[in-house]
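Asks: Sequence:
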Amino acid sequence: MQLKDKTILLTGATGGIGEALALRLVKQGATLVITGRNADKLQRLQARILANGGRCRSVVADISLEAGISIVAQEAARVPQVNMLINNAGVSDFIEFEDQSAERIRCLMEANVTGPMLLTQRLLPQLRIQQGMIVNIGSTFGSIGYPGFAAYCASKFAMRGFSEALQRELADSPMQVLYVAPRATRTTINSSAVESMNAELGNRMDEPDWVAEQICAAIIRRTPRVYLGWPEKLFVRINALFPALVAVSISKQLPIIRKYLARQNT
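Per the numbering used here, the sequence shown starts with residue -18, numbered consecutively.
Keep in mind the hints are simulated off the structure, nothing from the lab. Predicted, not measured: the structure shown is a model, and the values here were computed from it. Fair warning: there could be bad hints in the mix.
[What the hints assert, rightly or not] Below, computed lysine to aspartate or glutamate pairings styled on EDC-like, alpha-carbon distance capped at 20 angstroms:
{"id": "1", "residue 1": "240", "residue 2": "43"}
{"id": "2", "residue 1": "233", "residue 2": "176"}
{"id": "3", "residue 1": "8", "residue 2": "43"}
[What the hints assert, rightly or not] For each label pair, taking beta carbons as the anchor points, the in silico distance ranges come out as:
{"id": "4", "residue 1": "177", "residue 2": "110", "range": "41 to 51 angstroms"}
{"id": "5", "residue 1": "85", "residue 2": "239", "range": "11 to 21 angstroms"}
{"id": "6", "residue 1": "87", "residue 2": "214", "range": "39 to 49 angstroms"}
{"id": "7", "residue 1": "77", "residue 2": "55", "range": "33 to 43 angstroms"}
{"id": "8", "residue 1": "34", "residue 2": "78", "range": "41 to 51 angstroms"}
{"id": "9", "residue 1": "180", "residue 2": "145", "range": "14 to 24 angstroms"}
{"id": "10", "residue 1": "224", "residue 2": "78", "range": "35 to 45 angstroms"}
{"id": "11", "residue 1": "212", "residue 2": "172", "range": "15 to 25 angstroms"}
{"id": "12", "residue 1": "88", "residue 2": "223", "range": "12 to 22 angstroms"}
{"id": "13", "residue 1": "169", "residue 2": "78", "range": "15 to 25 angstroms"}
Even glycine gets a Cβ: it sits at the ideal position worked out from N, Cα and C.
Generate coordinates for the entire structure from the input sequences, incorporating the hints supplied.
Replies: Written out as C-alpha cells, the structure is:
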C-alpha cells in the first residue's frame, strides 16, 4: 500500500507515538486530520507539518467524551476522502488496583476503549465507502496481564478483542482492520517511576520514532497483527499457551514492582 494517496484521521496526535507517527505519515505523502486534547501542542504540530509542505488539518477534541467524538466525526464528514482511521489516543495508570479510584478507572476505560470504539462506529459508513482501513494501536499489555496496570491491561485486552472481532466481521468486505501492539515506549504516558522500574528490571523501552516506523511498515504491508519488541513478542505467545510459566516469572519481579508502586503513589 502506498500512503501518498491516503487521507488519515489520527487520534492522540500530541502524544509521543502520535506525534512521531504524524510526521512519518506526512513524510510518506499522506494527508492528515490530527486530533488531540492539547490545543497548543496540536497547533504546533500542524504548523510544523504545514511548514514542511505537508497537508494537515487539526481538531481539538477529547474522544473519551461523547461531545469529542461528535466533533471529530463532524470534521471527518467535512473531509469525505478520509480512508484510514488510526486509533492511537490512550492513557495509562500505574497503580495498585485496590488504590485506583472508580473515577480513574472510568476515565481510563473511556479513553482507551469506549471512545475509540464509538469513534470507529461513527466513521465506519464513511470508511466503507472509501474501502478504507482501521488501525488500532494496542500494547503488549493487551496480551499479558501485569501488576500495577490492571485497568490499563483490561483496556488493551478489550481493544485487542475488538480488533480481532471487527477483522472477522469485515472479512467479506474490502475493508481491513490492523492491530499493532508496541511494548513500553519512552513517552510521557509512562511516569518516571515506570521508567526507573523498567530500567531495574531490564525491560527495554523503545523510542517513539522507531515505533512509528514499525506502525507505518505494518500499514504499508497490510499486516493484520503486529507485536513489537523482543523478547516481548515471544512472551505474548508463551503467555497464550503457558500462562503459568509467565506468571511465575512475573511473580519474581513483584518486590521490585511494589517498590516503584509505593514510590509512584506517595
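Asks: Work down the list of hints and note, for each, if the structure agrees.
Replies: Okay, the hints, checked on the actual structure:
no.	hint	in the structure
1	240 <-> 43	violated, 33 angstroms
2	233 <-> 176	holds, 19 angstroms
3	8 <-> 43	violated, 26 angstroms
4	177 <-> 110: 41 to 51 angstroms	holds, 48 angstroms
5	85 <-> 239: 11 to 21 angstroms	holds, 19 angstroms
6	87 <-> 214: 39 to 49 angstroms	violated, 31 angstroms
7	77 <-> 55: 33 to 43 angstroms	holds, 40 angstroms
8	34 <-> 78: 41 to 51 angstroms	holds, 48 angstroms
9	180 <-> 145: 14 to 24 angstroms	violated, 33 angstroms
10	224 <-> 78: 35 to 45 angstroms	violated, 19 angstroms
11	212 <-> 172: 15 to 25 angstroms	holds, 24 angstroms
12	88 <-> 223: 12 to 22 angstroms	violated, 34 angstroms
13	169 <-> 78: 15 to 25 angstroms	holds, 23 angstroms
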